[in-house]
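Peer 1: Given only the sequences and the hints, what does the whole structure look like? Please build it.
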Amino acid sequence: MRDEVLTDEALDRLLVEYMPKANMLIEQLEEERDKNLEPHVFSRRYRKNMKRIIKEYTRTPFQNKLARLGRYAATILLIFILTNGVLIATAEGYRERVFNAITCIYEKFTSIIIDVDEPIDTKNTEIEFIEPSYIPDGYKMIDSAQTDVTRVIKYMDKNNNTIVLKQGVITGGELRIDTEGATIEEIDINDQTIKYFINKELFNGYWNDDKYQYLVNVEVSFEEFMKILEGIIKK
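So the sequence shown is numbered by this note's numbering: it starts at 5 and just counts up by one.
Quick caveat, the hints were computed from the structure, so don't treat them as lab data.
Heads up, the beta-carbon is just placed ideally off N, CA and C, and yes, glycines get one too.
Here are the in silico distance ranges between beta carbons for each label pair:
#1 202 / 130: 31 to 41 Å
#2 162 / 215: 27 to 37 Å
#3 130 / 189: 28 to 38 Å
Peer 2: In structure tokens form, the structure reads like this:
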């Protein structure tokens, strides 16, 4: 599966394709609301980011016409959510800890906007940072920096080729990754979907579980890159 830059024409096609599904989801959410379930309230930062994103992708007359219609404005939002990787379940799930990750791919970078319903209490929660169980021969750890919520480990070989692993607790916000001119691919390792690409002679991979976000940058072969990922994503 490949992610591509979302153009106006592509969004028009998505609107036509996903409108029925979005309408169905709206009806389901309305039914849940009628059951007196407490609705989920997204954070102000999350709503602000969504408004900015929607504004960027409502440029054509067709899109502007839809945006003026209340129900269809909600549909546009749902379509964007459905096609950009937001983890959304049901209204019942909103009352528990909800994790939302929106991936937006632009020409020069990829933006990952994360909103967490209830951020992890890092003071009262055990934080476990990992180290890769596999590193290619010739690489040595040259730096390791850690805070309460992040850790960065850097390895280097004698030719100054590097391996960098970044791990952070999901607390919300925006992560920007340099993907200019790159094609983003996906691969599944141990039931975890990793998005990866090559840029400036570096293999890059990023993913998240329900607690942490990971970013790996390596100057190795593709085969070694896969072994490193497998050493991080353990069963």
